Structures are given as structure tokens and as C-alpha cells.
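**Student:** From first to last, the protein sequence lines are chains G and X.
All residue numbers for the first sequence refer to the numbering used here, where the first residue is 1 and numbers rise by one.
All residue numbers for the second sequence refer to the numbering used here, where the first residue is 466 and numbers rise by one.
One thing to keep in mind: the hints can contain errors.
Claimed, not checked - Estimated spans, in silico, between C-beta atoms of each pair: (1) G:E463 - X:K522: 57 to 63 Å; (2) X:E516 - G:L78: 19 to 25 Å; (3) G:S212 - X:N629: 38 to 44 Å.
Unchecked claim - Covered stretches of chain G, going by a simulated chain X footprint (3 or more residues, C-beta under 8 Å): (4) 20 to 31; (5) 77 to 89; (6) 119 to 130; (7) 190 to 203; (8) 424 to 434.
The hints are simulated quantities; they were obtained by calculation from the structure and are not laboratory data.
Treat the numbers as computed from the prediction; the structure is a model and nothing was measured.
A virtual CB, placed ideally from N, CA and C, is assigned to each residue, including glycine.
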Amino acid sequence: MSKTLFEKIWDKHIVKTIDGGPSVLYIDKHLIHEVTSPQAFAGIEKRGIQIFRPKQIVATADHNVPTLNQHLPIKEQLSRLQVETLIKNCANHNIELYGLGHPYQGIVHVIGPELGITQPGMTIVCGDSHTSTHGAFGSIAFGIGTSEVEMVFATQCLLQSKPKQMRINVNGSLKKAVLAKDIVLYILAKISASGATGYAVEYAGSTIRSLSMEGRMTVCNMSIEMGARCGLIAPDETTFNYMQGKKFAPQGNDWDKALQYWKTLYSDDDATFDKEINIDAADISPMITYGTNPGMGIGVNELIPSDSAINEGDRPSFEKAMKYMGIAPGAAIKGQKVDYVFIGSCTNSRIEDLRLVANFVKGKHKAKDVEVWIVPGSKQVEQQAKNEGIDKIFEEAGFQLRQPGCSACLGMNEDKIPAGKYCISTSNRNFEGRQGAGARTLLASPLSAAAAAITGHVTDVSELI
Amino acid sequence: MSKNKISIIHSGFVPLNIENVDTDQIIPARFLKATTREGFGKNLFRDWRYENDDETKPKKDFALNNPKYRGEILVAGKNFGCGSSREHAAWAIHDYGFRAVVSSFFADIFKNNALNNGVLPVTVSESFLKKIFALNEDATISISLPDQTITIDATGEKENFEINSYKKECLINGFDDIDYLINIKSDIEKFESARSI
Numbered sequence: 001m002s003k004t005l006f007e008k009i010w011d012k013h014i015v016k017t018i019d020g021g022p023s024v025l026y027i028d029k030h031l032i033h034e035v036t037s038p039q040a041f042a043g044i045e046k047r048g049i050q051i052f053r054p055k056q057i058v059a060t061a062d063h064n065v066p067t068l069n070q071h072l073p074i075k076e077q078l079s080r081l082q083v084e085t086l087i088k089n090c091a092n093h094n095i096e097l098y099g100l101g102h103p104y105q106g107i108v109h110v111i112g113p114e115l116g117i118t119q120p121g122m123t124i125v126c127g128d129s130h131t132s133t134h135g136a137f138g139s140i141a142f143g144i145g146t147s148e149v150e151m152v153f154a155t156q157c158l159l160q161s162k163p164k165q166m167r168i169n170v171n172g173s174l175k176k177a178v179l180a181k182d183i184v185l186y187i188l189a190k191i192s193a194s195g196a197t198g199y200a201v202e203y204a205g206s207t208i209r210s211l212s213m214e215g216r217m218t219v220c221n222m223s224i225e226m227g228a229r230c231g232l233i234a235p236d237e238t239t240f241n242y243m244q245g246k247k248f249a250p251q252g253n254d255w256d257k258a259l260q261y262w263k264t265l266y267s268d269d270d271a272t273f274d275k276e277i278n279i280d281a282a283d284i285s286p287m288i289t290y291g292t293n294p295g296m297g298i299g300v301n302e303l304i305p306s307d308s309a310i311n312e313g314d315r316p317s318f319e320k321a322m323k324y325m326g327i328a329p330g331a332a333i334k335g336q337k338v339d340y341v342f343i344g345s346c347t348n349s350r351i352e353d354l355r356l357v358a359n360f361v362k363g364k365h366k367a368k369d370v371e372v373w374i375v376p377g378s379k380q381v382e383q384q385a386k387n388e389g390i391d392k393i394f395e396e397a398g399f400q401l402r403q404p405g406c407s408a409c410l411g412m413n414e415d416k417i418p419a420g421k422y423c424i425s426t427s428n429r430n431f432e433g434r435q436g437a438g439a440r441t442l443l444a445s446p447l448s449a450a451a452a453a454i455t456g457h458v459t460d461v462s463e464l465i
Numbered sequence: 466m467s468k469n470k471i472s473i474i475h476s477g478f479v480p481l482n483i484e485n486v487d488t489d490q491i492i493p494a495r496f497l498k499a500t501t502r503e504g505f506g507k508n509l510f511r512d513w514r515y516e517n518d519d520e521t522k523p524k525k526d527f528a529l530n531n532p533k534y535r536g537e538i539l540v541a542g543k544n545f546g547c548g549s550s551r552e553h554a555a556w557a558i559h560d561y562g563f564r565a566v567v568s569s570f571f572a573d574i575f576k577n578n579a580l581n582n583g584v585l586p587v588t589v590s591e592s593f594l595k596k597i598f599a600l601n602e603d604a605t606i607s608i609s610l611p612d613q614t615i616t617i618d619a620t621g622e623k624e625n626f627e628i629n630s631y632k633k634e635c636l637i638n639g640f641d642d643i644d645y646l647i648n649i650k651s652d653i654e655k656f657e658s659a660r661s662i
């Protein structure tokens, strides 16, 4: 029987299925961090049970860590306690931890792929919704709650219902200065922040194929913003080239064997999808969000919808969003002043993102009243940026290169955007208060964010390249 | 964790006529620094509830601050619980005293988290949701998990809701997934050894 990519992986991981209920899904890799794991550790300790497969778990500290002076003790007491709790729990339960100070430390969704922990065909979970990122390698990867973290600790399994199947095909050549981030913001604007709820989404088509692994990760990362259970892309030569030689990737004969299997991971020609969406890459411009969910995005040269363009039922939420953002319906977004620029997060903090930004800003300087934070996704990204002299370019441009962590994406550490200020951000969520109470977030690509850093306002980056 | 059993909920409700309520609103990230599951209720909808994060300044127009709205049922617009996977959102809702959330559409991860924490997500039609939002402040609602029905008490208007039979049994009996999984460990071990051959 013909199968989708998702179904091929899913079927291989089903331990059993409960009559009239969910299936028992076996989990290959479990990534954990300091914020969503402590209660799960406490839970298994209370039950008096051991972690079932500690070798299949990898931990890092990312959500809560400072991005300056990481060699010093964490100042904020609760953050420090959470990070220390992770260290203690990992030591007690024999779990590999890449904590602060470790050369592999970083955002959990950046380090998994760059270390080769993330591999095609796997099931991967983490107590973080952006686990969908790892689907870029052709794996089933999704975010879970803390009770589920506890279940995976106890049994390496989860009870899951099979999601419906959606395929989003993007074909054709991208316009100048249009990046993977613009593709996914465009899809979100088309199908809305709940458009893929209940689905596993496969991204396909020539445009997706032409993306680097970094670009594919950016697309899959934001699958959750459409409500999707997960997003995935069939592995191909781009994937295999990226994987080869990575620290935990299979080596020698194991590599050959793995490769043979990975090459079977694609949706069969006659596989059926519950829903299919086709997008012409040429229709996509540099995108920016104007509202308070990631589906509220437009091309940078378009106008914000006017009240009358919004369905009556949706109007109260739209008006609430506009009021929060301090933006007028029907107005242009281009020219909107920005106060902060944040380039980072599990969506866009990889070396390719930093290279693109550095290449664009070389010889330029940030606008006077704008604060620019570049937060690399991992210690390895930070080191690579320094090796390539990217740190110098940022310094000359007046951009601050900080240390790795989730940072201003969710403002759990001290990297918060002040109330009322506008931040153009390469992260994934523009929810009210996401980057700090009262902060106003405009989501965009790293190039669009860099352009705004230079001009001090929302800019069509394609005009500057 | 042993969860509260759910069977029949009969109570007033708190209406939150807002769509796409994300988990950052339900419990802002700055409150995720705890290492226990308790005490999140006081920060539920923190930034919608108080002016400038000040507990002495409740926002008057926010439903949770309206003493006329009471009960164990939260009613919200479509796509409730989108965004972050933080289970703290379900803990906060439960800790505040809600036992059910009614919406026309729930985000996936939130729905699982709610079910794992003794909070029943009840999906109703858009038109039924509208009817609830139009009710008076003192109206009551009855939810029967065994019958899978939700009823507006004053008018008797009723709608059925979906839940898979496994989860339904779990909630009625207070079982959780982890008990089930631990009990089938030998199946899991067999699965592992069959895979490695």
C-alpha cells in the first residue's frame, strides 16, 4: 500500500494500538531543557521508578540562560535554581547534559541537528513546541507537555492519535531577498494560525528542495504556528551532505546502512493526503507580521487589512490586536519605526542566518536609536561566527553579538523588549507580551530584520540589495 | 500523578470571547521558572487581568475580574491554547479552579495537556459557542462526560461533543496515560528487541 513519508515513519514506531483509542508510539530521541523537565523528574521520583532509556535523552540549558557573561553565576535566583535543578537531575539519572559552559550548549533545536542527534526516520520529542524543527530531516518531531515528558522518561513511549495528512507544495524560483522565513510566513498568512491543526504537514516542491538544511529547519520550525502536530521534508542529498561527519551521525558501515534506509523515506507517488495546498514561489515577497499571531502577516509593500476586510466574527480579535500593536488598520507597514532588532531563536539563529546578515550589513552601521541583538543558536554557531570574522562585522555595524540561548524570543531571561517598543524579530511568535510585557513584535526574516536595523524602520530589503 | 475524576460538571461559566488565545496569555513565560506544578492559578491570564502587573489594579473589563462570572467552566473563542507546549497553561487553568474549557476549536498540544491534568476540553460548534456567549451572567451550563453532551440549562439546548473512548474512560476513572504505559513495558521491550534485529 502506498504511504506518505509521515506514515512510513509512524508505522515503524507503533508498539500497539488501543481499540477506539490512540496508539503507543515509540520515541527514538528525547531532548530536554530546564523549563519543562523539573516536574517530570519529580514525577518519576515520586513514583519510585527509573528513567527507562537515559541514553536516548539529551539535555541542554537554553530557555532561561543569560546571553551575557555566561561564565558568571546566573543572577536571577529562580532561573539559577531551574538550571541547577537540571544539572542535578541529569547527574542523578545519567543523562548527557550540554549545559552552560559546554562547547555544545545551545538552543535545543539548533544543537540536535548540528550534532547529528537528529536523523531521518526518527521519532523525536521535546517539551517545547518548536520541536517541529527537526522534521526538516525527514523525522516525526513534535512538542509535548511535561506529563508527556514524564511518560517518555518512564517508558520511552507516548500515546498518540495519528494526525491527518497535509502536503504543502511550493514550486518555482524565489524573488530576490526572499528567504525560507518569508515562505513560511506567507503560508501562515494564507492558511492562518490554526490552518493545519490536526495535521502532519509535509513540505514539498522544487522551492523546498532548493532550500539548505538551515532554510528547511526554519520552515518546519513554524509548522506549530499553523497548529500542525509536526512538519516534515523528505530527506535528500542536501540532507545527507549536511549529516555526513556530524558528531553523532552514523559512521562507516553504519552510515551506508542508514543511508540505504533514509533513501526510502519519501511519500509514494500515489500516497493520499487529506489536504493539499499549492503555492507559487514567485508570489512570495519579503514578509512581515503586523498583528499578534503569526498568521497576521503581509508582504512588506502591502497595506494592513482595513476593518471592513475582516469577517465580522473575527473583528473583535483583530481590533484587540491592532490596539495592542498601536498600528492603524489599512495603514502601510513599511516605514513603521522600530526600536529593537532581535536576530536569533530556534527559527533563525544558525550560521547561515548570521552569514546572510553579516554579508548584508558589512560596511553599514545601525540607525541611531535602534538596539540590535544577535543571539547565536549555539556555542558552535558562536564559535563559527568568530572564526569567520562575522563578529567583527557586527561590532563595526553596532550590533551586539551575544551568547547562545532562547533570549528575547520569549523573554524568560533578562533579554526583554520594554512595553510599547517595537521589535523586528526573526523569532516565531508575535503574541501579546511574548518578548516582554507590552512589547510589540514584528516577525520577519533575518535580512528584513537587518535592513530595519540599518534604516531604523520597516524596509523592503530587496530595494537595498 | 493521580488526576481528579471528571464526570458531570454543572456550573456557571467565565466567558472569554477572544480567538487564538495563546498559552503565553494563559501563563506568561516569566512564571515558568518554578520547579513544581503548584500555584500557577494566581498568575492565570496575568497580563490580561492586571494593569502593569499590579495585583491591586485588576482590569475591570476582563471577565475573570467580573464577580458575576463564576464557575468551573471557561468558555473561549476558537483556536484556544495555541502556541507554546507549556503544560503550565493547563496547570494554571486547573489550579484556578476550572474543570472544563469550552471552545469551537482547540490547539493540539494544549488539548493533550488539559486531558492529562483533569481539565476537559469540550469542542462545540461555532453557533453553539455564540449562544453561550449571548447568555446572561448568572446562566449555568451542564457538561456530562458519560453522555458526551453540553447543555445550556435555562433553555435545554444541547450539543454532543467528541472524545475518544480511551480518554473518556481515563477521565471518568482518574487513570492516566503513564499508568497504562508502565503496565505494557514488556510489550515495549519486545518492540525494541524486534527492531534491533
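**Student:** Next step is simple, just say for each hint if it's right about the structure.
**Tutor:** Each hint tested on the structure:
no. : hint                        : in the structure
1   : G:E463 - X:K522: 57 to 63 Å : 45 Å, violated
2   : X:E516 - G:L78: 19 to 25 Å  : 24 Å, holds
3   : G:S212 - X:N629: 38 to 44 Å : 40 Å, holds
4   : 20 to 31                    : holds (count 5)
5   : 77 to 89                    : holds (count 5)
6   : 119 to 130                  : holds (count 3)
7   : 190 to 203                  : holds (count 4)
8   : 424 to 434                  : holds (count 5)
Violated hint: 1 only; the structure is consistent with all others.
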